[in-house]
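Let the sequences and hints guide you as you build the complete structure.
Here the protein sequences come in this chain order: A and B. Taking this note's numbering, I'd label the letters of the first sequence as residues 247 to 546. Taking this note's numbering, I'd label the letters of the second sequence as residues 6 to 289.
Think of the hints as simulated: they come from the structure by calculation, not from any bench. Note that this is a predicted model, so its numbers are computed, not measured. Don't be surprised by glycine CBs; every beta carbon is placed ideally from N, CA and C. Wrong hints could be hidden among the right ones.
In silico EDC-like cross-links for lysine to aspartate or glutamate, where the CA-CA straight-line distance does not exceed 20 Å [as the list claims (entries may be wrong)]:
| hint | chain 1 | residue 1 | chain 2 | residue 2 |
| --- | --- | --- | --- | --- |
| 1 | A | Lys492 | A | Asp317 |
| 2 | B | Lys245 | A | Asp383 |
| 3 | B | Lys233 | B | Asp143 |
| 4 | A | Lys387 | B | Asp143 |
| 5 | A | Lys511 | B | Asp143 |
| 6 | B | Lys81 | B | Asp230 |
| 7 | B | Lys70 | B | Asp252 |
| 8 | B | Lys245 | B | Glu37 |
| 9 | B | Lys204 | B | Glu179 |
| 10 | A | Lys511 | A | Asp317 |
| 11 | A | Lys512 | A | Asp302 |
| 12 | A | Lys387 | B | Glu37 |
Sample of chain A residues facing chain B (criterion: CB under 10 Å; computed from the structure) [as the list claims (entries may be wrong)]:
| hint | residue |
| --- | --- |
| 13 | Ala318 |
| 14 | Met353 |
| 15 | Val373 |
| 16 | Ile385 |
| 17 | Tyr415 |
| 18 | Pro484 |
Covered stretches of chain A (chain B as the covering partner; in silico rule of three or more C-beta atoms under 8 Å from a C-beta of chain B) [to be verified]:
| hint | segment |
| --- | --- |
| 19 | 366 to 372 |
| 20 | 521 to 533 |
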Amino acid sequence: MILLAKKQQLSLVQRPIRRYAPLFLLPTFAAFIIGFIWPFMQGIYLSFCSFNTPRDAKWVGLANYAKAFKDAGFARAFWNTAGFALVSVLLINVCAFFIAYALTQRMRGANLFRTVFFMPNLIGGVVLGYIWSMIFDGILKRYSTYLTANATYGFWGLVILVAWQQIGYMMIIYIAGLQSVPEDMLEAAKIDGATGTQSLFRVIIPNVMPSVTVCTFLTLTNSFKLFDQNMALTGGLPNVIVNGAKVNMTELLALNIYSTYTISKKWHGVAQAKAVVFFILVAVLALTQQFVTRRKEVQQ
Amino acid sequence: MNKKHSLYSPLSKVMSVLFALLSLAWIMPIIEVLINSFKSNNAVNMNPFALPNSETFMGWGNYIKGLTFGNYPFLKSVSYSLFITVASVFLILLFCSMSAWYICRVNSLGSKIFYYLCLFSMIVPFQMVMFTLTFTADMLKLNTPYTIPIVYLGFGAGLAIFMFTGFVKGLPIEIEEAAAIDGCSPVQTFFQVVLPMLKPTLISVGILELMWVWNDYLLPYLVLDRTKYLTIPIHVQYLKGSYGTVDLGATMAVIMLSIIPIIIVYMFCQKHIIKGVAAGAVKG
Numbered sequence: 247m248i249l250l251a252k253k254q255q256l257s258l259v260q261r262p263i264r265r266y267a268p269l270f271l272l273p274t275f276a277a278f279i280i281g282f283i284w285p286f287m288q289g290i291y292l293s294f295c296s297f298n299t300p301r302d303a304k305w306v307g308l309a310n311y312a313k314a315f316k317d318a319g320f321a322r323a324f325w326n327t328a329g330f331a332l333v334s335v336l337l338i339n340v341c342a343f344f345i346a347y348a349l350t351q352r353m354r355g356a357n358l359f360r361t362v363f364f365m366p367n368l369i370g371g372v373v374l375g376y377i378w379s380m381i382f383d384g385i386l387k388r389y390s391t392y393l394t395a396n397a398t399y400g401f402w403g404l405v406i407l408v409a410w411q412q413i414g415y416m417m418i419i420y421i422a423g424l425q426s427v428p429e430d431m432l433e434a435a436k437i438d439g440a441t442g443t444q445s446l447f448r449v450i451i452p453n454v455m456p457s458v459t460v461c462t463f464l465t466l467t468n469s470f471k472l473f474d475q476n477m478a479l480t481g482g483l484p485n486v487i488v489n490g491a492k493v494n495m496t497e498l499l500a501l502n503i504y505s506t507y508t509i510s511k512k513w514h515g516v517a518q519a520k521a522v523v524f525f526i527l528v529a530v531l532a533l534t535q536q537f538v539t540r541r542k543e544v545q546q
Numbered sequence: 006m007n008k009k010h011s012l013y014s015p016l017s018k019v020m021s022v023l024f025a026l027l028s029l030a031w032i033m034p035i036i037e038v039l040i041n042s043f044k045s046n047n048a049v050n051m052n053p054f055a056l057p058n059s060e061t062f063m064g065w066g067n068y069i070k071g072l073t074f075g076n077y078p079f080l081k082s083v084s085y086s087l088f089i090t091v092a093s094v095f096l097i098l099l100f101c102s103m104s105a106w107y108i109c110r111v112n113s114l115g116s117k118i119f120y121y122l123c124l125f126s127m128i129v130p131f132q133m134v135m136f137t138l139t140f141t142a143d144m145l146k147l148n149t150p151y152t153i154p155i156v157y158l159g160f161g162a163g164l165a166i167f168m169f170t171g172f173v174k175g176l177p178i179e180i181e182e183a184a185a186i187d188g189c190s191p192v193q194t195f196f197q198v199v200l201p202m203l204k205p206t207l208i209s210v211g212i213l214e215l216m217w218v219w220n221d222y223l224l225p226y227l228v229l230d231r232t233k234y235l236t237i238p239i240h241v242q243y244l245k246g247s248y249g250t251v252d253l254g255a256t257m258a259v260i261m262l263s264i265i266p267i268i269i270v271y272m273f274c275q276k277h278i279i280k281g282v283a284a285g286a287v288k289g
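This is how it looks when you write it as structure tokens:
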């Protein structure tokens with residue numbers, strides 16, 4: 247009986263809305279097809295083609311993928327990205343968590359500090375890259391060298407830049423998580439004689455696991471998709487020649503895909519094939535990470 | 006002991022000092038840019054950390070130069086950036102909230118498919134679609150600042166619809182029913198009843214999209230006709246990446262000009278921005 251009533255109620259709102267589908271759905275859906283669905287499907291198709299523009303595409307089967315996997319630059323970019331992601335996910339999350347933890351304790355000026363730490367997020371990646379390349383070059387000049395002289399400088403430079411940018415963002419998320427830890431739970435732990443460290447590891451951290459899930463997800467996908475900062479800081483330099491092919495030593499995957507495309511039109515298909523591989527990699531990582539950390543969350 | 010003292014433990018005072026120093030270090034890069042924007046090109050090259058002296062101080066010279074050099078007036082890029090950002094965010098907020106409401110209220114196969122496609126689009130990196138999106142945008146003449154907001158609506162729909170549906174699901178349907186019984190058409194119901202209730206989510210989504218579009222480099226770089234239209238990030242990239250000698254002092258002035266408006270907005274909307282980021286994360 248209640249079920250029947252519910253159904254009638256729903257239709258009262260539902261039925262008239264349906265007639266307005268063109269108004270409510272069509273603009274977004276049309277733009278979504280133009281901006282996402284069509285380019286996505288065409289992208290998969292073109293990764294099996296040799297092309298300059300989609301009009302002159304010729305089917306070449308898996309040749310682009312074969313070329314992509316043989317490319318030393320792509321392999322180098324993969325290991326750069328993997329290493330970069332590992333280091334930056336750890337560094338950003340640990341720093342952001344402890345800054346958030348400190349700022350949620352009673353402290354004078356906590357709001358001001360929060361404002362300052364978040365600020366770098368408002369600045370675009372390209373601008374950040376140039377600011378930091380000036381700073382790093384200024385420091386390295388004292389040792390008569392420069393940022394793009396050595397791949398190690400470029401790698402750690404990028405880690406510092408991205409940490410500086412993203413710690414503030416993740417800190418905001420951790421602060422929101424920390425503020426939602428139930429007060430009575432902390433008090434109960436205190437009464438039971440838990441030390442500060444014990445309540446941090448046994449009460450607080452398990453309770454902020456949803457924030458940890460979100461932050462590791464964001465930092466992981468951000469690191470894998472990083473482009474602007476990489477391009478503006480080192481542009482992939484320095485490069486070396488391996489077996490007659492140029493390998494950019496500080497390139498991450500996203501930049502490698504772009505620079506492959508710009509080599510010549512012969513490489514367009516290879517760049518698109520790399521993009522498909524990159525998409526699969528990001529998708530698998532994102533889904534696995536969600537699955538793994540979601541299991542560790544506390545049910546409230 | 007007065008009350009103020011007892012509020013803060015000695016440890017928290019030490020932490021305050023520590024964090025004050027850390028905050029100062031945190032904004033040093035921006036202060037560096039500010040200092041260097043008043044120095045001559047050579048002085049920036051020689052030692053970017055030195056303060057300007059009477060020889061190297063340029064006054065507003067760099068700013069005046071920065072506004073004009075590179076054959077393209079900086080203010081033109083600023084106006085294109087402004088227009089693209091405002092128009093894109095407006096389109097995304099309006100159309101995505103409408104679609105999200107429809108998806109939540111009409112339980113059809115079509116709206117389910119659309120919803121799952123939106124979720125799917127969130128894990129697809131831009132690199133996957135960037136070349137083909139460029140072709141499509143060129144073909145459909147979406148390569149101007151006046152039409153590129155449609156591309157942003159399309160590529161940004163996923164996150165926006167996901168966040169809006171998350172919120173609409175929590176809205177009590179009874180209010181809308183009451184409106185329907187009182188004779189509201191769905192359009193009236195949406196704009197006069199639902200949309201006002203969505204205000205906090207509109208602000209959160211708006212801020213996330215604003216930060217994305219304003220700072221986005223690659224999409225406008227690939228899609229726009231670059232012989233005619235630049236945005237701020239592309240302009241900065243052109244200054245620094247152009248061949249030949251680059252005037253570092255003037256580049257720093259341009260960077261400073263691009264940062265200042267953001268910082269001013271941040272000062273005024275800080276609470277909303279921080280709330281928006283936190284809200285976006287809960288849903289993400």
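Here is how each hint holds up against the structure:
Restraint check for Lys492 of chain A and Asp317 of chain A: the C-alpha separation of about 10 Å stays at or below 20 Å, so the hint holds. A C-alpha spacing of about 14 Å is found between Lys245 of chain B and Asp383 of chain A, which places the hinted pair at or below 20 Å, so the restraint holds. Taking the CA atoms of Lys233 of chain B and Asp143 of chain B, the gap is about 14 Å. The hint holds against a cut of 20 Å. With a CA separation close to 44 Å, the supplied pair Lys387 of chain A and Asp143 of chain B exceeds the 20 Å bound.
With a CA separation close to 18 Å, the supplied pair Lys511 of chain A and Asp143 of chain B stays within the 20 Å bound. The straight-line distance between the Cα atoms of Lys81 of chain B and Asp230 of chain B is roughly 14 Å, inside the 20 Å bound, and the hint therefore holds. Proximity of Lys70 of chain B to Asp252 of chain B is assessed by CA-CA distance (about 9 Å); at most 20 Å being required, the pair is judged to hold. A hinted pair counts as satisfied when its Cα atoms are at most 20 Å apart, and Lys245 of chain B with Glu37 of chain B qualifies at roughly 17 Å.
For a cut-off of 20 Å, the pair hint linking Lys204 of chain B to Glu179 of chain B stands: about 19 Å separates their Cα positions. For the suggested pair Lys511 of chain A and Asp317 of chain A, the alpha carbons sit about 16 Å apart, so the restraint of at most 20 Å is met. Distance restraint check for Lys512 of chain A and Asp302 of chain A: the Cα-Cα separation of roughly 12 Å lies within the 20 Å cut-off, and the hinted pair is therefore satisfied. For a cut-off of 20 Å, the pair hint linking Lys387 of chain A to Glu37 of chain B stands: about 16 Å separates their Cα positions.
Restraint check, Ala318 of chain A versus chain B: the minimum CB separation of about 20 Å is more than 10 Å; hint violated. Taken as an interface hint, Met353 of chain A checks out: its beta carbon lies about 5 Å from the nearest beta carbon of chain B, inside 10 Å. Look at Val373 of chain A: its Cβ gets to within about 6 Å of chain B, closer than 10 Å, so that hint holds up. Taking 10 Å as the C-beta cut-off, the interface hint given for Ile385 of chain A holds, the closest approach to chain B being about 8 Å.
Hint status for Tyr415 of chain A: holds, given a least beta-carbon distance of 6 Å to chain B, under 10 Å. Given the 10 Å rule on beta carbons, the hint for Pro484 of chain A is violated: about 17 Å separates it from the nearest Cβ of chain B. Requiring three or more residues with a Cβ within less than 8 Å of a Cβ of chain B, the coverage given for the segment 366 to 372 of chain A holds, as 7 such residues are present. Restraint check on the segment 521 to 533 of chain A versus chain B: 8 residues with Cβ-Cβ distances below 8 Å, three needed, restraint holds.
Hints 4, 13 and 18 from the list above are not met by this structure, while the remaining hints are.
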